[in-house]
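K.L.:
If you want the building blocks of each chain, they are given just below.
There are 2 protein chains.
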Amino acid sequence: MKALRVGVMGYGTVGRGVVRMLLDHADLLEARTGCAVTLRYIADHNTESDRGVVLPETVTLLNDAHKMIESEDVDVICELIGGTGIAKTLVLKALQQGKHVVTANKALIATHGNELIAAADASGVELMFEASTAGTIPIIKSLREALAGNEIREIYGILNGTCNYILTEMREKGLPFETVLADAQQKGYAEADPTFDVDGIDAAHKLTILASIAFGMPLSFDAVSVEGIRHVSAVDIAWATEMGYRIKLLGIAKRCDGKVQLRVQPVLVEEESMLGAVEGVFNAVFVNSDFAGSTMYYGRGAGEEPTASAVVSDLIDIARNVQAGAKMPRIYPLGQPTAQLSMPTMCPVEEMRDAYYLRLSVLDRPGVLADITAILKEHRVSIDAIVQKERSPVEHVPLVIVTHEVTERQILDTVAAIEKMDSVSDKPRMIRIEDLGVA
Amino acid sequence: MKALRVGVMGYGTVGRGVVRMLLDHADLLEARTGCAVTLRYIADHNTESDRGVVLPETVTLLNDAHKMIESEDVDVICELIGGTGIAKTLVLKALQQGKHVVTANKALIATHGNELIAAADASGVELMFEASTAGTIPIIKSLREALAGNEIREIYGILNGTCNYILTEMREKGLPFETVLADAQQKGYAEADPTFDVDGIDAAHKLTILASIAFGMPLSFDAVSVEGIRHVSAVDIAWATEMGYRIKLLGIAKRCDGKVQLRVQPVLVEEESMLGAVEGVFNAVFVNSDFAGSTMYYGRGAGEEPTASAVVSDLIDIARNVQAGAKMPRIYPLGQPTAQLSMPTMCPVEEMRDAYYLRLSVLDRPGVLADITAILKEHRVSIDAIVQKERSPVEHVPLVIVTHEVTERQILDTVAAIEKMDSVSDKPRMIRIEDLGVA
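Listed in order, the protein sequences are those of chains A and B. So the number in my numbering is just where the residue sits in the first sequence, counting from 1, plus 1488. So the number in my numbering is just where the residue sits in the second sequence, counting from 1, plus 1488.
Keep in mind that the hints are not guaranteed to be accurate.
Some but not every residue of chain B turned toward chain A, in silico, with C-beta under 10 Å [unchecked claim]:
| # | residue |
| --- | --- |
| 1 | F1665 |
| 2 | A1726 |
| 3 | E1730 |
Here are the simulated DSBU-like pairs of lysine-lysine, each with C-alpha atoms no more than 30 Å apart in a straight line [what the hints assert, rightly or not]:
| # | chain 1 | residue 1 | chain 2 | residue 2 |
| --- | --- | --- | --- | --- |
| 4 | B | K1747 | B | K1555 |
| 5 | A | K1555 | A | K1877 |
| 6 | B | K1661 | B | K1877 |
| 7 | B | K1581 | B | K1555 |
| 8 | B | K1815 | A | K1490 |
| 9 | A | K1490 | B | K1490 |
| 10 | A | K1815 | B | K1490 |
| 11 | B | K1661 | B | K1675 |
| 12 | A | K1661 | A | K1675 |
| 13 | A | K1815 | B | K1815 |
| 14 | A | K1908 | A | K1877 |
| 15 | B | K1555 | B | K1576 |
To be clear, the hints were calculated from the coordinates, so they are not data collected in a lab. Note that beta-carbon positions come from the ideal geometry of N, C-alpha and C, so glycine has one too.
Generate coordinates for the entire structure from the input sequences, incorporating the hints supplied.
P.N.:
Set out below in C-alpha cells:
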C-alpha cells in the first residue's frame, strides 16, 4: 500500500485537532483513500505542554520545524502556526524542498499566496488551503471543482464567526457592540485583540482567496474595500429587524459591467433569505453562477475539530493523488495555472450600486421632510420607504429612509448635503442593502 | 494537450443543458482542467427536433446509442436518458467497453448501482453520479471528499423540489394538496404522473445513494422506509406554522445505537432552523459528522442548467484525472472500494425514536382530556405541549399534542388506543418532529 507521511507544524488548537483526527480515524482514512495516511512528525516550539493526546511511538515531537521539513520521510507539511512571519519562511522552505503543503492560514495565502504558489508550481507539489476560508465548509473545493464549469457571478460570504456571533447577540439581546464583544472575549469567541475580526480584515483575507478562484485573478488583498462592524449600533439592528432585515458582515465579490468589485461590509439582508438564517458562530457562503444558479454552503468557520476536518480533507485529496499515481499538482491552487490568471478591472467603491438604509436624526418640524426629500431628488436618489415613528416637538427623532439602487458616490453626496441641514443632528448612518439575487 | 472526448446519451432537457455547457464553456473547461473537454457525439432516438442549439461540425448526432458506445473516439458517456430500462443496458455496455460513465439517473444508481459499480471496477473506469442527488448541489463530492475524514452521524435532506414546492405553496397560500399539485403540474414543477415525487420514491432513491457513501454500505433502496406527502393537510401545516415549525419531506439517514435508520417522511422542523428556511423548488442537505459538526449544502434540485452543472463537474474531475495521468477510478463511486462496503444492522421503523405531533379530533366534553392523558401515561408517552383552541359543545374540535421522544411502536399503540375512544372521531394524525441536532 502506498503511503502519505504527514508532518504537523504548530501544535496549538488546530494542530491538536489534526493530530487527533489522523490518529483516531487512521483506519477510515486508509479505507477511503487506499493510501496509509500516517502522522510522522509534530513540530512546535513548545514540546512540553500536555495536549491530552497520547502520541504513538511512530510520531516524533520536535521543537525544530526545519528538521521536519528537511526530513526524508515526510511527504506533506501541515502549516498550523498562523501569521505571516515564521509560517511564511517555513512554508516556502517546505515547498522548495518538494513537500506538499496544506495550510489553514488565510493571512498567509491572501497576502503571500502568489509567491507561494509560484514555489509550489516550480516544485510540482500541491499547495492546499481549504481550512483557510470558512473553516470546515468545503467552499474552495466547491468553487475549484464542483462549480468549475460555471462562470461565477457573485459570492456573498459570512466569513467571520466572531462578527456573526456579535451581531446575532446584539440583535437577540438588544445589547451594544462593546458589551457583546467583552462577552465574546470571555467565551473565547473573540481574541483579546479583536481587530482582525471586528474590523473585517480576517473576512477580507478569506474573500481575497475566494475571489481569486472564482474570477481567475491573482490573490489581491489590497483590492478589497474593508469596513468592520464597530460602528453597527443596537439601534440600527433594531430598525433592520423591524423592517424584516438582518445585519450581517458580508464578504462580497461581484462581477458587474465587466468589472470586479470586492468588499467586506456590514449590510442588510432579508431575514427570510438563506444568509439571513445563518446565526451565531456559523459561516456560510452563497454563490451565484451561470449554470448552477444559487448555491450555498454552511458550517462552522472555526474551532479545533471543524478546522481539522478541512485540513484533513486536503490531505485526503493528496493521498488519493498518491494512490492514483497522479502528476501533481492535479488541481492548481487557484483552480487554474498561474500563467492564465489575470487581473480584471476593479470597480471603484464609489461606482458600486446598491439600495441603502439611511438613518437620520432630525427635528420633528414642518418642512424638514420636504427639505430632505428635495435633497434626495436633487441627487437622483429615489425612495423605497420612509419611516418616522417617534414624535417630539423639542428633541431630535430618528428618520429612516430606504432608497432604491444608487451608487455610493450619489449616497455620499446626498448624506453630505443632508448633514449640513440645521434640523439634522449627528452624522447620518448609512448601510447597504444587498439583494442576494436568488436564481 | 490531453483530451477527454464526451458522448451525450439522451438529448432531452438535461442533455441539452450539458451540450450547451460543453459548447459555451469549452475555453473555461480547458483552462481549468488543462485538458480539452470536447463533445463528440449526441445520441437520441429523436434526431429531428430543434433544440435551439447550433452544433459544430465536430459533433455527430446519432439515433443509435450503441454506435456511440462502440466508437473508438469517445472516452466518457453521459447517460441522461433516465429510468432503469434501456438506460441500464447502455450504461452497463459502456462500462464494459471501458468508457467512463457520468449519469444523472438516481433510480438507476439506487436500484442497480451495485451491479454497475462492479462493472466499472472490472474495467477500471470512473462511474460518477453527482447530478443524481440534489441536482446541482455537490453533496456527493462533499461526502466522498470534503467529509471523508469524518464519521458521518446523520443526514437530513430536502431531496425533492416538487414536494418542497408543494409544501411551501400549501403553507403560503393555505391551499389543499390537490390544488397545489395541479398548479405545480401546470407550471412544470410536477410530472403528469406525480407518484415518484409525491410518494417519496424519488427522495428515497437519493437517500439510498447518500447513505451508502456516508455509512460505507452497499446501495440498499429496499432498506428505506418511505412515506410521501399526499396525506399532509393544510390544517396540519397551519398548526405547525403556529407552533413555529415547517413541514418538510426529509430523507433521513441516521446512526443510532450501532444501527442505521433510513427513512423518507414528512416531518416538522423548526422554522428558524437552516432546513426550515429552504423553500420552493430548492433542495438542501444537512450533514452532522464527528469532526466537521453541522454542515449544509443548498441549491436547485432539478432543471436543465443546474443539473448540467453537476454532470459537467463530474466530467471536470475525470478530465483532471486524464491530465494528471491518474489511475482510475481515482475515487471509488461510493467513496471506498466495493470489497470494504458492509451492510449495517438496520433499525426497524418501530424502534426509531422521535418527538411527535399528534392531532386528534375530540368532543369538547368534561373528562375527555383526562382519558386521553391517561392513555398517554399508560404508554409512557410524556407530553411537551397540548393545545386546544376551538370550543364547541356539539362538534368535534382539534386537539394537538406534542410529545417528548418516544418510539414509533409506542406512538402507534397510543394512537390505536385513543382511536377507540367514543369521544374521538377521525383517524388521529401523527407527524414526527425532527431535532436537527446542530453541533
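K.L.:
Taking only the CA atoms, is the gap from K1815 of chain B to K1490 of chain A under or equal to 30 Å?
P.N.:
Roughly 13 Å separates the two Cα atoms, so the pair holds.
K.L.:
Next item in the hint list is F1665 of chain B. Is there a CB on chain A closer than 10 Å to its CB?
P.N.:
violated (24 Å)
K.L.:
Restraint: E1730 of chain B near chain A, CB-CB cut 10 Å. Satisfied or not?
P.N.:
violated (18 Å)
K.L.:
Hinted pair, alpha-carbon criterion (30 Å max): K1555 of chain B, K1576 of chain B. Please report holds or violated.
P.N.:
holds (16 Å)
K.L.:
Does K1661 of chain B pair with K1877 of chain B here, judged by a C-alpha cut-off of 30 Å?
P.N.:
holds (22 Å)
K.L.:
For the pair we were handed, K1555 of chain A and K1877 of chain A, check the Cα-Cα distance against 30 Å.
P.N.:
violated (68 Å)
K.L.:
Please verify whether K1815 of chain A and K1815 of chain B have alpha carbons no more than 30 Å apart.
P.N.:
Since the Cα atoms of K1815 of chain A and K1815 of chain B sit roughly 10 Å apart, the hinted pair holds (cutoff 30 Å).
K.L.:
Holds or violated: are the alpha carbons of K1815 of chain A and K1490 of chain B at most 30 Å from each other?
P.N.:
Between K1815 of chain A and K1490 of chain B the Cα gap is close to 13 Å, so the pair holds against 30 Å.
K.L.:
Are K1747 of chain B and K1555 of chain B close enough, with their CA atoms no more than 30 Å apart?
P.N.:
violated (46 Å)
K.L.:
Starting from K1581 of chain B, check that the Cα of K1555 of chain B is at most 30 Å away, please.
P.N.:
Holds, because 11 Å separates the two Cα atoms, which is no more than 30 Å.
K.L.:
With a cut-off of 30 Å on the C-alpha distance, tell me whether K1908 of chain A and K1877 of chain A pass.
P.N.:
holds (23 Å)
K.L.:
Please work out if K1490 of chain A and K1490 of chain B have their alpha carbons no farther apart than 30 Å.
P.N.:
Cα-Cα ~26 Å, so holds.
In the structure shown, a violation is registered for the earlier hints numbered 1, 2, 3, 4, 5, in ascending order.
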